[in-house]
Amino acid sequence: MNHNYTATANVSSFFMEIGALSRFAGRFFKELFSWPFEFREFLKQCYQMGNKSLLLVGVTGFILGLVFTLQSRPTLLEFGAVSWMPSMISISIVREIGPVIIALICAGRIGSSIGAELGSMRVTEQIDAMEVSGTNPFKFLVVTRILAATLMLPVLILIGDLIALFGSALVEYVKGNVSFLLYFNEVFEAIKFSDLMPATIKSFFFGFAIGVVGCFKGYNSSKGTEGVGKASNSAVVFTSLLLFIIDFIAVFVSDIIYG
Amino acid sequence: MENSAAHTHGKAVISIRNLCKSFGDQVVLDNFNMEIYDGENLVLMGKSGSGKSVMIKCMVGLMEPDSGEVEILGKNMLELHHQEKDELRAEIGFLFQGSALYDSMTVQENLEFPLRRHKKKFKGGNTNEMVEEALESVGLAHTKSLMPAELSGGMQRRIALARALILKPKIILYDEPTTGLDPITAKEIILLMMDIQKKYKTSSLIITHDVDCARVISNRMILLLEGTNYAQGTFQELSTSKDPKIKAFFK
Amino acid sequence: MRNRNAQNIKLGIFVIAGITIFVLAVYFIGNRQNLFGDSIRIHSVFKNVSGLQTGNNVRFAGVNVGTVRDILILNDTSIVVEMLINEKTRRHIKKDTRATISSDGLVGSMVVNLVPGEEEGSSMINPGDTIESISKIATADMLTTLNTTNENAALLTADLLKITTAINDGEGTLGALIKDEGMATDIKKSIAGLRRTSEAAAVSVNRLNKILSSVNLEESLAGLILNDTSAAGEVSQIIADLGQSAEEMKLMTANLQEFSEEIKTGEGILNHIINDTTVVNHLDATLQNAEEASKKFDENMKALQHNILFRGYFRKLERRKAREGKNENNR
Numbered sequence: 001m002n003h004n005y006t007a008t009a010n011v012s013s014f015f016m017e018i019g020a021l022s023r024f025a026g027r028f029f030k031e032l033f034s035w036p037f038e039f040r041e042f043l044k045q046c047y048q049m050g051n052k053s054l055l056l057v058g059v060t061g062f063i064l065g066l067v068f069t070l071q072s073r074p075t076l077l078e079f080g081a082v083s084w085m086p087s088m089i090s091i092s093i094v095r096e097i098g099p100v101i102i103a104l105i106c107a108g109r110i111g112s113s114i115g116a117e118l119g120s121m122r123v124t125e126q127i128d129a130m131e132v133s134g135t136n137p138f139k140f141l142v143v144t145r146i147l148a149a150t151l152m153l154p155v156l157i158l159i160g161d162l163i164a165l166f167g168s169a170l171v172e173y174v175k176g177n178v179s180f181l182l183y184f185n186e187v188f189e190a191i192k193f194s195d196l197m198p199a200t201i202k203s204f205f206f207g208f209a210i211g212v213v214g215c216f217k218g219y220n221s222s223k224g225t226e227g228v229g230k231a232s233n234s235a236v237v238f239t240s241l242l243l244f245i246i247d248f249i250a251v252f253v254s255d256i257i258y259g
Numbered sequence: 001m002e003n004s005a006a007h008t009h010g011k012a013v014i015s016i017r018n019l020c021k022s023f024g025d026q027v028v029l030d031n032f033n034m035e036i037y038d039g040e041n042l043v044l045m046g047k048s049g050s051g052k053s054v055m056i057k058c059m060v061g062l063m064e065p066d067s068g069e070v071e072i073l074g075k076n077m078l079e080l081h082h083q084e085k086d087e088l089r090a091e092i093g094f095l096f097q098g099s100a101l102y103d104s105m106t107v108q109e110n111l112e113f114p115l116r117r118h119k120k121k122f123k124g125g126n127t128n129e130m131v132e133e134a135l136e137s138v139g140l141a142h143t144k145s146l147m148p149a150e151l152s153g154g155m156q157r158r159i160a161l162a163r164a165l166i167l168k169p170k171i172i173l174y175d176e177p178t179t180g181l182d183p184i185t186a187k188e189i190i191l192l193m194m195d196i197q198k199k200y201k202t203s204s205l206i207i208t209h210d211v212d213c214a215r216v217i218s219n220r221m222i223l224l225l226e227g228t229n230y231a232q233g234t235f236q237e238l239s240t241s242k243d244p245k246i247k248a249f250f251k
Numbered sequence: 001m002r003n004r005n006a007q008n009i010k011l012g013i014f015v016i017a018g019i020t021i022f023v024l025a026v027y028f029i030g031n032r033q034n035l036f037g038d039s040i041r042i043h044s045v046f047k048n049v050s051g052l053q054t055g056n057n058v059r060f061a062g063v064n065v066g067t068v069r070d071i072l073i074l075n076d077t078s079i080v081v082e083m084l085i086n087e088k089t090r091r092h093i094k095k096d097t098r099a100t101i102s103s104d105g106l107v108g109s110m111v112v113n114l115v116p117g118e119e120e121g122s123s124m125i126n127p128g129d130t131i132e133s134i135s136k137i138a139t140a141d142m143l144t145t146l147n148t149t150n151e152n153a154a155l156l157t158a159d160l161l162k163i164t165t166a167i168n169d170g171e172g173t174l175g176a177l178i179k180d181e182g183m184a185t186d187i188k189k190s191i192a193g194l195r196r197t198s199e200a201a202a203v204s205v206n207r208l209n210k211i212l213s214s215v216n217l218e219e220s221l222a223g224l225i226l227n228d229t230s231a232a233g234e235v236s237q238i239i240a241d242l243g244q245s246a247e248e249m250k251l252m253t254a255n256l257q258e259f260s261e262e263i264k265t266g267e268g269i270l271n272h273i274i275n276d277t278t279v280v281n282h283l284d285a286t287l288q289n290a291e292e293a294s295k296k297f298d299e300n301m302k303a304l305q306h307n308i309l310f311r312g313y314f315r316k317l318e319r320r321k322a323r324e325g326k327n328e329n330n331r
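Just so you know, the protein sequences line up as chains A, B and C, in that order.
Every letter in the first sequence is one number past the one before it in full-length UniProt numbering, and letter 249, counting from 1, is 249.
Every letter in the second sequence is one number past the one before it in full-length UniProt numbering, and letter 215, counting from 1, is 215.
Every letter in the third sequence is one number past the one before it in full-length UniProt numbering, and letter 322, counting from 1, is 322.
None of these hints come from the bench; they were simulated from the model.
Be careful, since some hints might not be right.
Claimed, not checked - Simulated crosslink set (BS3-like; lysine-lysine; CA at most 30 Å straight-line):
no.	chain 1	residue 1	chain 2	residue 2
1	A	K139	A	K30
2	A	K139	C	K10
3	A	K139	B	K168
4	A	K30	B	K75
5	C	K10	A	K52
6	B	K11	A	K223
7	B	K11	B	K198
8	C	K47	A	K192
9	B	K75	A	K139
10	B	K251	A	K139
11	C	K10	B	K144
12	B	K144	A	K52
13	B	K47	A	K223
14	A	K230	B	K47
15	C	K88	A	K192
16	B	K144	A	K44
17	A	K44	B	K85
18	B	K187	A	K223
19	B	K144	A	K139
20	B	K144	A	K30
21	A	K223	B	K251
Chain A on its own, in the form it takes in the complex (with noise of 0.2 Å):
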């Protein structure tokens, strides 16, 4: 059956690839609601993916921050809304620049590193070796990253956005004498639910995202080492494209229910 999906791949044809992809995803959700489930693979996959991506996403957003309130100092300077500052920062981080930038950071963390792993598998035949020991490799590999992906990246993308605050606070902390807590102060006072909640559903989609990209492109790898290679590379392109696509129909979705 899987080789359906090998053959598939081969015929690249976009919309094959699109519907080879659902299926995929249909079968996620199928295998997911059945017994049983890998539940100790699953916490070293949240382990794998959320633990050990914190400090690239922590340090991805603090330059974010950083750099975002440093480049629009001077314009709002000018303007003489230097004030403006903490709500206008963490109004664009927390609903769209955290969650897009951070997803698309771990797009190539996560992303690529379960299409690598899952391609050298298939590729050494240890998927089949779990088959054949009675496991079903679905179940074991993809439903556990899957999922994973789909909870991790909710948790990284609101840490992340909170570094992206401090290291914006710090900024203005050391430029513009704001404290920390006139900082928040003034971040709370400006996020409202219609922004954090979009954004907070919106990063379920991106980890799903990633994680069904990355083990479709991994599962259904071709043979041979040049198949891992291009099923890492293209799950991070796929990716990457289904994330501002995802985006752009929530910011879509959202502006409809919240007007």
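Start from chain A and add chains B and C according to the hints.
Relative to chain A, chains B and C alone:
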């Protein structure tokens, strides 16, 4: 030496009838027939790309053949439900071409992996003891907590063999057990395979294109050519054959 | 095994950190929007809510005390704004509190300002109460009155100027002044008119002042002035100047009155005028003052007109006048 057993055929543990498999226009298996008898070492020889691996994957249900029957221990593999298929698979050990050890797990975890799903078969069995026993039988008891990447190719192959043995299967399928190994290590592996065959009284199917391996281990041989069972017999019989196509195998 | 436990602990810390951030963010945001904690609902009816949105802040004396919960269009002239007010601040908000809508900063969102009433001993507001609203139309009305006053003042000043010129022109006029009863009546009329105008100006200035001080510049004019404190300062300066002009006019009117009384009684006027140059000087100075005051008043009015924020209003007025003039011409 073992040849005496070769012709006293016991009952067939595996019988494959009219197996067909093709990928697109490329026909890989074309009405392939084969039987493996209890307690024998059957060597299946063929050129690379001749469909040996496809055949072995069809046998354990990793691939679905286009048509044909696979009967293992009296059960039709292709008609079984998932649960029954898993139970039957517990009776089959599988040594993969490149060892296929899970490289994110330690040796111990690798060996425990088949036990996770098949614990039922060993009620009350101590996982740890079973792992140690399997490792001892391949002579690598000290590697328990190492990662596969820390082991040499020969050691990896042995661990893989230990993993195939841990469920005490009745049948072991070897997919190119000696490829990628230097001749000395290959020889060690072959001797180990024979030891194990004696110790656990398993029936084995060995897929290879290594003539030395075939000579040492085989009771009986089948030559796979153009998707069919081209010739069968003992190593002696086949290696002295006049047929140029058969001769080509032993060059 | 120990390794796995350590991993699980780290994972647990990581996940809990994420959830904590989320919960805290929700709590802080919710706190701002008064979603948690006790609050009461009050209403106010506006003609125009100037883009107020659900969730905007409600301020009492500049302190955030609640949020706008809902905005409903009742009919074409009344829009009900429902507000959630923090229970803790309720006791400071009396029943005669009035609500205005203004902008929060130059480019900020709209806010509802609650302006404390002046009535002593007004009782605390109750849930479900409707409070009065102040609409910006009041300011516009006031400015109309002010403008009429200004026009009258200008007219009178022109009259007075004529008289002054006549006096200054010399002997002949002086004689005429003494002989001509009509001239004296003219002066008297002018003076009466000037006094009326000046009083009217004083009244409107007072009204303006009162509204501005009671409502607090930042609050009531805010919609118009966009809360620009420098603009507000300018306006209040202009108003102060207007007040001064009116004051001066009053003084001058009194002087002229005195003078005209003397003319009327005719007692020793000629003597006075001939003998006592101080009287002439006095009259001259008085008239000069009148001119100056009137000019100042005019300037102030012009300044007011030039203030961008009032410009629209005055332009409208001019247009209306032009239209009326055309109508008259057509007739």
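Going through the hints against the structure:
Using a Cα cut-off of 30 Å, the hinted pair A:K139 and A:K30 holds, with the two alpha carbons roughly 10 Å apart. Among the hinted pairs, A:K139 with C:K10 is consistent with the structure: their alpha-carbon atoms are about 24 Å apart, no more than 30 Å. Between A:K139 and B:K168 the CA atoms are separated by roughly 25 Å; this keeps the pair inside 30 Å, and the hint holds. Simply put, A:K30 and B:K75 have alpha-carbon atoms about 28 Å apart, close enough for the 30 Å limit, and the pair holds.
The hinted pair formed by C:K10 and A:K52 meets the criterion: a straight-line CA distance of about 10 Å does not exceed 30 Å. For the proposed pair B:K11 and A:K223, the alpha carbon gap of about 37 Å is over 30 Å, so the pair is violated. A threshold of 30 Å between alpha carbons decides the hint, and for B:K11 with B:K198 the separation of about 18 Å falls inside it, so the pair holds. Of the pairs offered as hints, the one joining C:K47 and A:K192 holds, with about 28 Å between alpha carbons and a cut-off of 30 Å not exceeded.
At most 30 Å may separate the alpha-carbon atoms for a hinted pair to count; B:K75 and A:K139 meet this at roughly 26 Å. A threshold of 30 Å between alpha carbons decides the hint, and for B:K251 with A:K139 the separation of about 46 Å lies outside it, so the pair is violated. This hinted pair checks out: C:K10 and B:K144 have alpha carbons roughly 26 Å apart, not beyond 30 Å. Between B:K144 and A:K52, the direct Cα distance comes to roughly 26 Å. Compliance with the 30 Å bound is thereby established for this hinted pair.
Straight-line distance between C-alpha atoms of B:K47 and A:K223 comes to about 18 Å, which keeps the hinted pair within the 30 Å bound. Proposed proximity of A:K230 and B:K47 is supported: the alpha carbons are some 28 Å apart, at most 30 Å. For the proposed pair C:K88 and A:K192, the alpha carbon gap of about 23 Å is at most 30 Å, so the pair holds. Only pairs whose Cα atoms come within 30 Å are accepted, and B:K144 paired with A:K44 is accepted, the gap being roughly 20 Å.
Proposed proximity of A:K44 and B:K85 is supported: the alpha carbons are some 28 Å apart, at most 30 Å. At most 30 Å may separate the alpha-carbon atoms for a hinted pair to count; B:K187 and A:K223 meet this at roughly 28 Å. A distance of roughly 26 Å separates the Cα atoms of B:K144 and A:K139; the hinted pair therefore holds under the 30 Å criterion. Annotation: proposed proximity of B:K144 to A:K30 is violated, straight-line Cα distance about 36 Å (limit 30 Å).
A distance of roughly 29 Å separates the Cα atoms of A:K223 and B:K251; the hinted pair therefore holds under the 30 Å criterion.
Taken one by one, the earlier hints fail for this structure at numbers 6, 10 and 20, listed in ascending order.
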